[in-house]
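Enquirer: So the sequence lines, in the order shown, correspond to chains A and B. Each residue of the first sequence is one higher than the last, beginning at 740 in our numbering. Each residue of the second sequence is one higher than the last, beginning at 740 in our numbering.
Accuracy of the hints is not assured; some may be wrong.
Remember, identical chains collapse to one label, so a pair may be satisfied in a single copy or spanning two.
Keeping only pairs whose Cα atoms sit at most 35 Å apart, straight-line, the calculated DSBU-like set for lysine-lysine is [said to hold, decoys possible]:
id : residue 1 : residue 2
1  : 1080      : 964
2  : 1046      : 783
3  : 964       : 1125
4  : 778       : 894
5  : 1125      : 1058
6  : 964       : 1084
7  : 906       : 1032
8  : 787       : 1058
9  : 888       : 807
10 : 787       : 923
11 : 964       : 1102
12 : 1032      : 964
13 : 1158      : 782
14 : 1037      : 906
15 : 1080      : 960
16 : 888       : 1084
17 : 783       : 925
18 : 1084      : 907
19 : 960       : 1045
20 : 964       : 1046
21 : 1080      : 1125
22 : 888       : 1125
Quick caveat, the hints were computed from the structure, so don't treat them as lab data.
Protein chains: 2
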Amino acid sequence: MHTSLDRIINDLETLATYTSTPGEGVTRSSYSKEDQMAKDYLKKEMEKIGLDVHEDAFSTVFGRREGKNPNAPTIIIGSHYDSVVNGGRFDGTAGVVAALETLRVFEENNIENYYPIEIIAMNAEEGETFGPGSGVSNSRAMVGTLTEKELDLAKNRFGETKREAMKKYGLVPDLEAAKRDMSKVKSFIELHIEQGPNLEAQNIDIGLVEFLAGIGRYMVKFHGKFEDSTASMDTRQDALIAASKFILALNQLINELGEGITGTVGMINVSPNSNQYVPEFAEISVEIRTMDKTVLDKVNILEEFKKIIEMIEAETNVKVEIEERARIGYPNPTPPSVMDKETVKLMEDICDELNYSSMIINKGTGHDAMITAEYVPTNMIYVPSKEGISHHPDEWTDYEDLQKGIEVMLHTVKKLCQKG
Amino acid sequence: MHTSLDRIINDLETLATYTSTPGEGVTRSSYSKEDQMAKDYLKKEMEKIGLDVHEDAFSTVFGRREGKNPNAPTIIIGSHYDSVVNGGRFDGTAGVVAALETLRVFEENNIENYYPIEIIAMNAEEGETFGPGSGVSNSRAMVGTLTEKELDLAKNRFGETKREAMKKYGLVPDLEAAKRDMSKVKSFIELHIEQGPNLEAQNIDIGLVEFLAGIGRYMVKFHGKFEDSTASMDTRQDALIAASKFILALNQLINELGEGITGTVGMINVSPNSNQYVPEFAEISVEIRTMDKTVLDKVNILEEFKKIIEMIEAETNVKVEIEERARIGYPNPTPPSVMDKETVKLMEDICDELNYSSMIINKGTGHDAMITAEYVPTNMIYVPSKEGISHHPDEWTDYEDLQKGIEVMLHTVKKLCQKG
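Can you make the complete structure from the sequences, with help from the hints?
Expert: This is the structure we're talking about:
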């Protein structure tokens, strides 16, 4: 019972040709001709191995291998097939191919599964396409948290809203129809490239995830007054002074909350950004990460920010605005996404048996698995990613490394799909 | 007795043709072919009105109209004839033309002068050419504060040191020969475009200067540690936290020093400047302006900065570097350059007589007048500058506005050059 490197390579190389930017990485935007071509290829491959293929109202493709007990909850495996502009061939796609190859091996070896198994190939995972907060769209549609409002909110680079783009593509956006009863799902497993340097740097084959930190994103803007450097200190409205106060107050707040949360101001832009002038305007990004669910019961982050802002406005005479840049319909910040512990242990054992090295990596960007983790036992398998590069034409994972991840998925699913 | 608008226009338009970037503003870099052409034109014009012309070791041109008392101290009038890259036709040049036109009127009207009068046309005023701290070079050579070291320090955009560029241009840089006995100078008057928006915005003809704030410039660099936004708060070395602490500590220090000084952080650059990462590096500009000489007796700014830095390094584990970007051989910050009060009053009266509106503008960038103000009674006349733009091809002053400034210079010099 083995996965086939040739088939894996063929899948990835074929899917990489469905791009609107040949020679400049993979550009397979949601609701494009290229995404349609990739979907058609995946459906055809699923049909070849006898899967029952269907597509939902949001262009998520499911390929079902019926279980001995058709009424038992389903094991779902897969990822997404859309990409950013000038992205790589692995982000998302690798996880879809992993699921496809897993069920090919099942079919080839007549492996019996008590629980039904479904490949899931999702669209619209990349938040870049329709802007901040718009990502992991199809998994949100599946669990039922995507909203009508969101479909009309932001536009893609062609000036179309999500609803408009979907209609043009031939879909009728029906939120109700796309919802799935998650109580009838046994588990979700997603393989993904690491999008970080850890596995490669430490020469480790497999990354396993215990939890992914929750996230909250904010932009804070400071509106001061333009003056030259001889202006009296008394009457200044210095946007950078106000921003500095916010940065330090945030730091203090988060430090006081203790271990389960971090807060980072990683970006600051000042205008006019000249040594000769009092900054008229400053904006900073605030990124909150949560590792402990309970920390969010102790504090309302946005309310705390508002208190800090009120104090700063009084002290500096600078007007401060705060804007949440979170996933729509979700609390900001979100709680951490906790993966299924038992399955992490199972995967570790499988790695040992297969003689693969593994490590825990509790780091990652947004994934559909973060969405499902709230509803069903969820796990991720990371494979090495050259120099941690992703969302770029240089994104690369050696096919042999990817195959190891798929072997782990195969053995995990083989174990989970048995009765008892 | 009147200045001639035609001659003024002709001077400026002719000098504007001596540029290495025709059609893209005036580029008349120090020690270039274009600066030689401008200098030759000025010498010729000076000779036409019978001035005794000579050039010093740093290519400053003097045109002397002898006084009834040749041993009486000299009134010097003028400015500089070099420009930045893609600058305008007025910055510096307007002041040289003002001096030239003043002595033309003297000659035309046989005005007697007890005190000798000299036009000064300086080179190497623009600090851009050889980098920060290298400006107002010829006035510094004249008063004797330019150093040998500086000639070999920084390079122009052609990779030449000041000494190399001067030699190529045919000069023998002789600091001793360029020094002038400032006790034999009665006063220095410089006309300059405002390089600020005040006169135009308030529709006022003439700006008079009581003092120009002294200046101190520093770059502060913060070296932290690159980590992602999930990194524990405890062990971070956040360059932006350290920079914020510096910004607020500086603000407090300067506020405590009271009225005679300001401190501004106008520029901040952070790396990698991404919402997802703890800033690894930050750099900020610090600009100190002094309006009161005595404030610098109370405090050693650099020592205070070092105390702040020591505290921040201990608190944040971020390494902090500070670099002075001041004029070489000068204290950093410099004390304010105080102009001659009596002459400001005289100029105000002249404006009234001529029916010109005037205002005091104690703002300005670096000028040769700042250097001479420490040694001899010095004054400046500002003329309006469209939208305050300078150092740019769009720099513009209406010729009629410039003529008013030259009339004020003419009447001032006429008054000052009489005995008693």
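Enquirer: Does each hint fit the structure? Answer for all of them.
Expert: Going through the hints against the structure:
1. 1080 - 964: between (53 Å within a copy, 32 Å between copies)
2. 1046 - 783: neither (57 Å within a copy, 70 Å between copies)
3. 964 - 1125: between (46 Å within a copy, 22 Å between copies)
4. 778 - 894: The answer is within: 23 Å in one copy meets 35 Å, while 60 Å across copies does not.
5. 1125 - 1058: Only across copies: residue 1125 and residue 1058 sit 31 Å apart there, 44 Å inside one copy, limit 35 Å.
6. 964 - 1084: between (57 Å within a copy, 33 Å between copies)
7. 906 - 1032: neither (38 Å within a copy, 72 Å between copies)
8. 787 - 1058: neither (62 Å within a copy, 61 Å between copies)
9. 888 - 807: neither (41 Å within a copy, 88 Å between copies)
10. 787 - 923: Within one copy, since 26 Å is at most 35 Å while 101 Å is not.
11. 964 - 1102: This pair counts as between: shortest inter-copy Cα distance 18 Å, intra-copy 40 Å.
12. 1032 - 964: This pair counts as between: shortest inter-copy Cα distance 27 Å, intra-copy 41 Å.
13. 1158 - 782: Result: close within a single copy only, 28 Å intra versus 103 Å inter.
14. 1037 - 906: neither (43 Å within a copy, 73 Å between copies)
15. 1080 - 960: neither (41 Å within a copy, 45 Å between copies)
16. 888 - 1084: neither (40 Å within a copy, 69 Å between copies)
17. 783 - 925: within (26 Å within a copy, 95 Å between copies)
18. 1084 - 907: So residue 1084 and residue 907 fail the 35 Å test inside a copy (45 Å) and across (76 Å) alike.
19. 960 - 1045: both (13 Å within a copy, 31 Å between copies)
20. 964 - 1046: both (22 Å within a copy, 30 Å between copies)
21. 1080 - 1125: Within one copy only: 28 Å inside a chain, 70 Å across chains, cut-off 35 Å.
22. 888 - 1125: neither (39 Å within a copy, 49 Å between copies)
Violated hints for the displayed structure, listed by number in ascending order: 2, 7, 8, 9, 14, 15, 16, 18, 22.
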